[in-house]
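Letter by letter, the chains look like this.
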Amino acid sequence: MPSMSAEELKERLTRDLPGALAPARAKAEHVTNGSAAPQTDPPAKPKKGAEGPVDLLATNDAIVLSERIPDVVRYVRDTLGYTFLTDLTAVDYMADGLIELIYRFLHLDGGPTMAIKTRVPRDRAVVPSITPFWPGADLQEREAYDMYGVDFPGHPNLVRVYMWDEFEGFPMRKDFPRQGDKYIEEEDEA
Amino acid sequence: MSEDSEIQFELEKQGVFVSTINRFYNWGRRSSVWPLAFGLACCAIEMMATGLSRYDLARFGAEMFRASPRQADLMIVAGTVTKKMAPQVVRLYNQMPEPRYVISMGACATSGGPFRDGYNVLRGIDLFLPVDVYIPGCPPRPEALLHAIMTLQSQIDDQKLNRVRWYGKTEAKDFPVPTFGKQGLKIDGRLIDPVGGLPLISPYNSPLAGEQRSGRIEHPELARFFPIMDDTVELEGPNKAVGIAPEIAIDDLRKRKPEVTSA
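Residue numbers (my numbering), protein chains in the order written: chain A, 1 to 190; chain B, 1 to 263.
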């Protein structure tokens, strides 16, 4: 049963597609220290916020440069054999000004899923489309466009899929105005 | 009227059937309320269960779920009405022949329910349609739907031929179909589901109560416990109230801070 860990994937990518992996972040060292601290002493749960703010961007998965996404996805499908794209979704990290796209693949022989990620700035969220060679990504890219406003150049029909065409804004972005009566006072404070 | 009915019942015991044209018409209406086969979310599952043999909607003459609005008398709005679906719901209602009735089934159809503060769910189908019977619940049990059908039947019993509009000469009017706007649904260019502010108030009454809501509080002599029906609430327009809701003013929607009690 095929099973590829994130480290293995990163090794393969560095070997076969040089330059595809995004350079490591400067904060990475601090992150490993931060995450190592609670492991040494698991029973004593550190107080919330005691070891500084949590680094939301810390991840073990392979992070790919956004312009290399088509190459990497082709490599994952044709060379590694992960032929089923189960998920293509996005996360909005508003504080860091980033939108992260997550491509999750499944091998049809079984085994765990495998993820690759890419990060683009929120104000220029552009990722090349993989729909031309992977039609299964069509609706999922349209959904990411509809909810998060990610632009996929090369997509044959990039229009809204859930919301109506006249709708303005991207509802799953963190800065989409919260609606409803119970937020009235919070907005006044802010 | 009550004396008349007593005489009627007494005569029926003797095997003599006397009826008024009102009672005869209403008996026909109430005994063959055909719903539209139309479900939107999980409430529709309960609606299907109601139609099947265990709960047996056929006992009320309402088992004929019609696939066409042209043959239906009753629209059971069963489930969450998303803003994208709302125009189609209104259009289906407009296609139904009169007399037509609406049951708003469940919390979502009535008020938006748990999705009320979201960006995509209509805050109550009564913003666009005159609703006859509301059912609370999430989702309501089949018994609740049966009770709603019985409530509707008793409402139909109260119809008077000379009072109900559709037996007169006035033609059925189409209800305005909302259009999609940048922020939400619009009617005649006016945003109908604005964000924030007080809960919205339906502009429509049940057809048996005259269809158009006047903007006044109906039956002010009754004590109201639901804040929006409070007669201190001023209306800004037919479906929007002025100011902040009382329960927000007294901070009732948040978790109360535990009161410090000195032991």
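Please note that a few of the clues may not be correct.
In silico lysine-lysine, DSBU-like type, Cα no more than 35 Å apart, as pairs [to be verified]:
| id | chain 1 | residue 1 | chain 2 | residue 2 |
| --- | --- | --- | --- | --- |
| 1 | B | K84 | A | K117 |
| 2 | B | K169 | B | K186 |
| 3 | B | K186 | B | K13 |
| 4 | B | K84 | B | K173 |
| 5 | B | K160 | B | K173 |
| 6 | A | K117 | A | K10 |
| 7 | B | K186 | B | K173 |
| 8 | A | K117 | B | K13 |
| 9 | A | K117 | A | K174 |
| 10 | B | K186 | A | K174 |
| 11 | A | K174 | B | K13 |
| 12 | A | K174 | B | K173 |
Worth flagging that the hints you see were computed from the coordinates, not collected in a lab.
The structure displayed is predicted, hence computed values, not measured ones.
Results of checking the hints against the structure:
For a cut-off of 35 Å, the pair hint linking K84 of chain B to K117 of chain A stands: about 32 Å separates their Cα positions. Taking the CA atoms of K169 of chain B and K186 of chain B, the gap is near 31 Å; set against the 35 Å cutoff, the hint holds. Between K186 of chain B and K13 of chain B the alpha-carbon distance is near 56 Å, which puts this suggested pair outside the 35 Å criterion. Taking the CA atoms of K84 of chain B and K173 of chain B, the gap is near 23 Å; set against the 35 Å cutoff, the hint holds.
At roughly 20 Å between alpha-carbon atoms, K160 of chain B and K173 of chain B fall within 35 Å of each other, so this suggested pair holds. Between K117 of chain A and K10 of chain A the CA atoms are separated by roughly 12 Å; this keeps the pair inside 35 Å, and the hint holds. Distance restraint check for K186 of chain B and K173 of chain B: the Cα-Cα separation of roughly 19 Å lies within the 35 Å cut-off, and the hinted pair is therefore satisfied. Pair hint K117 of chain A plus K13 of chain B does not hold up; C-alpha atoms about 80 Å apart against a cutoff of 35 Å.
Using a Cα cut-off of 35 Å, the hinted pair K117 of chain A and K174 of chain A holds, with the two alpha carbons roughly 19 Å apart. Between K186 of chain B and K174 of chain A the CA atoms are separated by roughly 25 Å; this keeps the pair inside 35 Å, and the hint holds. About 71 Å separates the Cα atoms of K174 of chain A and K13 of chain B, which puts this hinted pair outside 35 Å; it is violated. Simply put, K174 of chain A and K173 of chain B have alpha-carbon atoms about 43 Å apart, too far for the 35 Å limit, and the pair is violated.
Hints 3, 8, 11 and 12, counting from the list given before, are not met by this structure.
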